[in-house]
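Based on the provided sequences and hints, a complete structural model is requested.
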Amino acid sequence: MRFERREHRPLALVIATPILAIIGALAIAGMLIAMAGAPVLTAYWKILTGAFGSRLSTTETLIRATPLILTGLAAAVAFRARLWNIGAEGQFYFGAIAAAAASAHLVGGWPSLLQIPVLFVFGALAGMALLLVPLWLRLRFSVDEVVTTLLLNFVVILFVSMLIDGVLKDPAAFGWPQSEAVADAARLPKLIARSRVHIGLVIAILLAVTMHVVQSRTVFGLQSRAAGLNPAGAIFSGVPLGRTLVIVAMISGGFAGLAGAIEVMGVKGYVTTDLSPGYGYSGIVVAMLANLNPLGVVLAALFTAVMFVGADGMSRSMGIPTYIADVTVALSLISMLIAVFFTQYRIRR
Amino acid sequence: MTALIDILASAGLWAAVLRIATPLILGTLGALLCERSGVLNLGIEGIMTFGAMIGWLAVYNGADLWTGLLVAAFAGGIFGVLHSLLTVTLGLSQHVSGLGVTLFASSFSYYVFRLLVPVADTPPTIEPFQPIAIPTLSSLPFVGPAFFTQTAPTYLAILIAILLAYLLLRTPVGLAIRMVGENPHAAEAQGINPMAVRYGSVIAGSALMATGGAFLTLSAFNSFFPTMVQGRGWICIALVVFASWRPERALLGALLFAFFDAFQLRLQTALSGVVPYQIFLMIPYILSIAALAVMARRARVPQALMQPYRRGER
Amino acid sequence: MSETVLEISGVSKRFGGNLANEDISLLLGKGEIVALLGENGAGKTTLMSILFGHYVPDSGTVRVMGQALPPGKPRAAIRAGIGMVHQHFSLAPNLTVLENVMTGTESLWSASSKVAAGRSKLLAISARFGLKVNPDARLGDLSVGEQQRVEILKALYNDARILVLDEPTAVLTNIEAANLFSKLKDMARLGLSLILISHKLDEVMATADRIVVLRGGRLVAERRAADTTKAELAELMVGRAVNRPVREGSTPGKVVLEAVGVTVRQAGVDRLKQVDFHVREGEVLGIIGVSGNGQTALAQLLSGTAQRSAGDLVLFNQGIGDLTVSDTVEAGIGRIPEDRNREGAIGEMAIWENAVLERLQHFSRHGLVDRKSGIGFAKRIIEEFDVRGGTPTSRIRLLSGGNMQKLILGRNMIGQPRILLAAQPARGLDEGAVAAVYERIMQARRDGTAVILISEDLEEVMALADRIQAIVGGRLSPSVKAEEVDARKLGLMMAGEWEKAATGAV
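Chains as they are written, first to last, in the numbering used here: chain A, -14 to 334; chain B, 2 to 315; chain C, 12 to 517.
With a cut-off of at most 20 Å between alpha-carbon atoms, the simulated SDA-like pairs for lysine to any residue come out as follows: (1) C:K500 to C:S302; (2) C:K125 to B:L170; (3) C:K211 to C:L247; (4) C:K132 to B:T172; (5) C:K383 to A:Q200; (6) C:K125 to B:L164; (7) C:K84 to A:F(-12); (8) C:K383 to A:V198; (9) C:K125 to B:A166; (10) C:K125 to B:G192; (11) C:K84 to B:G192; (12) A:K154 to B:V276; (13) C:K390 to C:Q427; (14) C:K84 to B:N194; (15) A:K154 to B:S273; (16) C:K84 to B:T90; (17) C:K84 to A:M(-14); (18) C:K143 to C:K196; (19) C:K284 to C:D323; (20) A:K154 to B:P277.
Estimated spans, in silico, between C-beta atoms of each pair: (21) C:G141 to A:E(-8): 48 to 58 Å; (22) C:S70 to B:N62: 51 to 61 Å; (23) C:S121 to A:W30: 57 to 67 Å; (24) B:L164 to A:R(-6): 45 to 55 Å; (25) A:V103 to C:D381: 32 to 42 Å; (26) A:P156 to C:G378: 42 to 52 Å; (27) B:P227 to A:L41: 23 to 33 Å; (28) C:T404 to A:G94: 52 to 62 Å; (29) A:S97 to C:T404: 45 to 55 Å; (30) B:P227 to A:W121: 29 to 39 Å; (31) C:S121 to A:S201: 50 to 60 Å.
A few chain A residues that don't get close to chain B, going by computed Cβ distances all over 10 Å: (32) E(-8); (33) R40; (34) T44; (35) L280; (36) F288.
Since the hints were derived computationally from the structure, they do not count as laboratory data. Even glycine gets a Cβ: it sits at the ideal position worked out from N, Cα and C.
Here's what the structure looks like:
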């Protein structure tokens, strides 16, 4: 049995791939649900109703999708250029604390129209700065950025924990470790009245569309794609590899940092060590499900949010551990990898 | 200053070094074995987590401690099969496949744990491995309590390090593994099946990783809780580079690293209040990054590492 | 003929739509040297891969010493006594000579390697066949010739009775090649049977007893070496009278590029050592040398991907500092890279994207890529340079080697470059594509382009170049006019013996 490279990829297959992958993941997750002694189809139904069954749950799903779109974009942009940024989780927190600190101690008095964009910039810059360290280590010392970005996640989360325990601690929070809240003027306006859904969702979607245009139409898009596909060929054709990777890192880290800032400004209002339930890591799955396509990231982020919010609801009503959502999302990643493989290769006897 | 000397002079520190080093030794050796055959196994964090959970669960359900370790090793091997299917048979990106395995193995372990062990105020515990005093040697002053009064898995880990060094350098299997990691086409031309060798290495390596994880629940602590592995898997990956892919150096690297970790813990208590504890906890991760920066260029990396092997393609 | 050691009967093998081997039958006698001749893509490597168990034939059998050989198992082939010496060595640079040789020779279940026994066996074989090696040397530290010795020793260590050598002199100088062939003849006298895969007619005529010609997957002819001529063999290989381009007389124009005392240092090693050369409009400067002597550094220097550490470069009469890739494109320097798949193209990208990637500044406005003009550009190249097998938007990966090379030539030449750097332009191409490439180079020369041709093929350089310099160990020989040298003199130059070549002494 051999694998033979396909010459043409049937479009139908390419579009069907993420759907097949998700079905595969759900099937295996179904086995785990059965293992818990619960009726599988009911569980699936409960996931859907858990995500969309009520106004509250639908808005919750949209709120969850927002940071996932951004961390998904962060991963997609980086992976496309073969920059393995696994540090979105740390960049998220760094962006969050940068925005919170800036609002609480620097620009808190500024009017919304000015303060919000400025805090976005703080968040994005923080994320960028963080990713540039592993990038520098790669360019200068040939260190694989996978491990360094991963290790930095732990460092950053400890650092943020230290800050909100100490310097940035909210004195009004009854001793609970959390940062001071951002100014009222920094809170993001609501998208849907009388709900928690904020304009961060729209910003995220707009950024996804922008990224798509950049990648498919600009010189930078073409060059970064070449750099990811064949670095030697890119160098020969004059693509400035180092500079391109730096820009990619800035965009990727920027998105992840922005995700943290937006989460603080739009949802919670302050930073705690559990601000992110793994958005950075889930972003990687989102990016792979979207096949690194920015527009696909929006859909994949929505799917992932549905899984998490829906599984939360399902687990409460059926007694199945909430981790089933994480398992299903992880399985989707693996099945997506396999599905993509089969769009590129066929089996030959 | 005297506080520093006090810490260094206590046998307790050195005993802790060996104890802290054990999961790192096993994890690093496991990752090293995979990488020597050409496969980067980033599933290590998840595999260690699952090993920690399943080993503990077996013992919680009545098995003896050694069976617990075996169950963990076996489970690790299964994840090794998964990783091999993705990276060796299908030749997928070793980075992304490994991350997928980690995400899956960790979340799966939490799921199973939460399913089979009800939530309680205090997590349930088991009776862990007890330190074994090696006759005669353990009565030596200072070195006795420091080095010769460890739990069985610690002695096992050191033994495995020595065996792995021997295996890689002095046996035909070891040569086959090394050749597959350097030039799988050359290995095939000599009648070796590179895919089979990679499968074997990854499965065995994953079993070692899971055993390292099980040490955390069966020896170091006596209960399982989510995120208990705390990035040790990634530290092991860094240590493999630091050890230049050699088992004897991996042993030394793990010990060196564990020394800094043990030292940092004691320093925390000595300096608590002056320096935030988070700074101390950061040290292991920062050290790992530094180790990578120093060694990445100098280490002799197996030349076929990360190259998928496709028969017929040169 | 003495006893038959190898019998290949009716072997066929198909890959997708391509019939690589069609009903091939072949006999090999003990102590015989048979050459397998054919151009790229004729099916030589496929046949030998089947012999070695790398592929399973669709039909046909192989018998070694009268016993049927189980197909598809390299181990069975090794046990039967077939030893393969690959063109791209099957060796691991990080391991020692002994480790490379002993891999796979012992059962994987034994608890320890019999290293001492292995070492003495290796040294014994080494002495018997006159192939000197140091068993404990790290393979990567050895010269190419020494590494090849290890390749051969590996086969002999496995008690090979039949040795298959795939293009063994591709990486050797004339002198090393001559040594190798005399060793091979000694081995044949000692009872070994040899199959020599080659496309070099001189070697084949000088060394082989019998010559088998493959063309388009079929065995088209078999001759005794004594009974045939180079011309006949060439024609049999290609299937028609071979037409090499004729280099007409010309008067070169002014000097467009000159290098004086240029050194290129990479990773602490001087890859190019104080080299001097110049090239004029309308002339071809051939740089001949066996690969690994600094050609890559030279090509990188002129392509803008490596910078010099010392010396001067004068371009169009102006001294220049560092030369970057975009400088070369702006200056009108066309570059044909040595490895078209690695450097020349981004496989997954479209043909038009590959066509414009190195000159995006001409196909974009305000940072946005002008897709329409890019596709138009690609269309022109496809038409003018006869690129078949793709459209501007199809992936470049799908093109055959020859067509990809035509595209690469086209994207450079369509803009009438003033200088053309061609590194190994005909490597790995079939005869038709080779002729097309040579014609384009001659056309460029006619149009007044200054061409620098870096090649390992003596015949190619002698046919196309006006002046020739040999590159040896990072140094360039003085330039000689093509009319004033022959293969023997060039061989001497390639071995570094410039003075001898000049005086004619041997």
